[in-house]
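Engineer: Residues per chain, in single letters:
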Amino acid sequence: MKTIRTFLSDDEENARNLVRSFLQAHPQFEIVGEAADGLSTVKMVNDLKPDVLFLDIQMPRLSGFEVLELLVHKPFVVFATAYDQYAVRAFEASAIDYLLKPFGRERFSTAIQKIMAQFSDKNMELPQQDVTTKLAQNLEEPLHRIALKKGADIHVISIDDVLYIEADGDYVQIHTPEGRFLKEATLLSYEKRLNANQFVRIHRSRIVNVNFIRKVEQMEKETYVVLLKGNIQIRASLSGYRLLKAIMNF
Amino acid sequence: MKHPILETRKYLLLYFAVWLFMSVIQGFVFHTNSLVSLANSFADSFIFHFTFAIYALSVWYALVYDAGNKKGIFYIAFNQITIGVIVLTIWFLTYLFLSELLPQHLYKNTFRLANYRLHLTFGLLYYILNLFFYLTFRFYKNWQEKILLEMQLREKNKEAELAVIKSQINPHFLFNSLNSLSYLILTNADKAHEMLIKLSDFLRYSISQPANQLASLQLEIENSKRYLSIETIRFGERLHFQFYVPDECMEMLLPTLLLQPLYENAIKHNLHESTETIEIKTLARKNGEALSISIQNNKPIYRTPAGKSTGIGLQSIQERLFLVYGEKARMFISNQANEYVVHLEIPQISFKKI
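Going down the list, the sequences are from chains A and B.
Residue numbering for the first sequence follows my numbering, starting at 1 and increasing by one per position.
Residue numbering for the second sequence follows my numbering, starting at 1001 and increasing by one per position.
Hints are supplied without guarantee of correctness; some may be wrong.
Unchecked claim - Derived lysine-lysine pairs resembling DSSO-like cross-links, with alpha carbons at most 30 Å apart:
#1 A:Lys183 / B:Lys1268
#2 A:Lys134 / B:Lys1268
#3 B:Lys1299 / B:Lys1268
#4 B:Lys1268 / A:Lys192
#5 B:Lys1268 / A:Lys74
These are calculated hints, taken from the structure and not from any lab test.
Work out the full structure: start from the sequences and follow the hints.
Structural biologist: See the structure below:
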């Protein structure tokens, strides 16, 4: 019987201990590490590459959701939260299982059964879970900051520092004064979570932060150019221009 | 208010049916008491009653739109009498004018002259009955509306009370504590018992406080200590707290749960959003006639940018202080690199203690 390598992530020691004690009834699960904050979780999970991750949502440094966005190695995730209406709604909309704290042994066992059911008999490898996209599409919590990866470094920037966001296939480019960052996400998922009075969708593939706008010019018929601080020019569509006009009142 | 008769077709028909009935009866009476033919009698009665019926409908509006100013009964009576005189005059003139159109001049004239006094008396009687009917109707409607309003207010009140209770319980704190508790129950029954009692006492104190009552510093400090020791069970060595409160301050008063957001904030910013330890110090002293209290904590060296702080906690404290003490209470915030201090000056005015 192959072991299922498990990682525990929760900022409360008691919470981690509880999961550890519940797991004793399921000897197949081997705990290979634990962390008390989001940043350590990302580092250690990428290093240790566990099969299963018990992930708390409210954590210091990076939230459970942000951890998920930044993980290279993606294990099977079991979410936990004490009280978070946005998270719970997003989970339900994405048909993802989650545990509400406090949870009992039975409820925990149900989650374990789900994990076991994911095993394929042949190679005993857990398939990669791509929950990130599912969740990102359904999360509606207002966004205050974005967790970004550049090489081995993790940057967390305030949303107010974002110049504009541009769609790029299945990804988006997040443009900041420090440079641009690639994220696996849809423009729509950002549009849902950003303040519509500050972040305006000026084009099918662009959302701009109005606080950085210096000038808006019309080039040819139906082509508009938005000039940002730092001499950055981005094109806007006609409907985008109209939207901008309405919101900025010019 | 809607016109009781005009706005409902059913009642309008009923209204005119009644007046038709009245005019038929009067027609008979006039016919049997005079030389006038039945047809003419009916025609006269019909004109008399129906013109009145129509004008009488307008009296409702005069009554309802007068309802606004409470200028005393004489004003209202004067108004109503004036309106009555005007309506009756217009009506009677209309009646006279229309009855000119009846054939058989001679009989009509004699008949009319002889009975104008009777007609006017009847007119006045009808008018008063009409007024009375409208008054009764309006009174009844007002009464109904009052009852409905009372019911709605009671509902709203209940909702508001519930909202206050909900806002006094921090669900994150509650469920996370219960989670911690669930672990302790399995491993350390004594500690679990202790935590359960503390949690229960804390919750009881939190939800049993009416909004802007005052409590003694002693009770408030006890509750804050409960809260902090529960958080200590959750975070262990990462949380340290001290209280420096001299005896003479214990009986001084402050709004219930005023300090709670300050402790919650300190823990949120230092324990939830960073991985470092925190020390929370509470100092109180008597400052003349006021209670001087400050809560200070160290700040984490590394803070993740743009956490979800909205400043609501501090704002609510400001608002409550203003509500209870007006300008006399003061709040100072010192936000330095290593340390965060909130200082409150709370005057001691004579309020009833809970």
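Engineer: Each of the hints needs a verdict: does it hold here or not?
Structural biologist: The hints, checked one at a time:
{"no.": "1", "hint": "A:Lys183 / B:Lys1268", "in the structure": "holds, 29 Å"}
{"no.": "2", "hint": "A:Lys134 / B:Lys1268", "in the structure": "holds, 29 Å"}
{"no.": "3", "hint": "B:Lys1299 / B:Lys1268", "in the structure": "holds, 11 Å"}
{"no.": "4", "hint": "B:Lys1268 / A:Lys192", "in the structure": "holds, 26 Å"}
{"no.": "5", "hint": "B:Lys1268 / A:Lys74", "in the structure": "holds, 29 Å"}
Violated hints are absent here; each numbered hint is respected by the structure.
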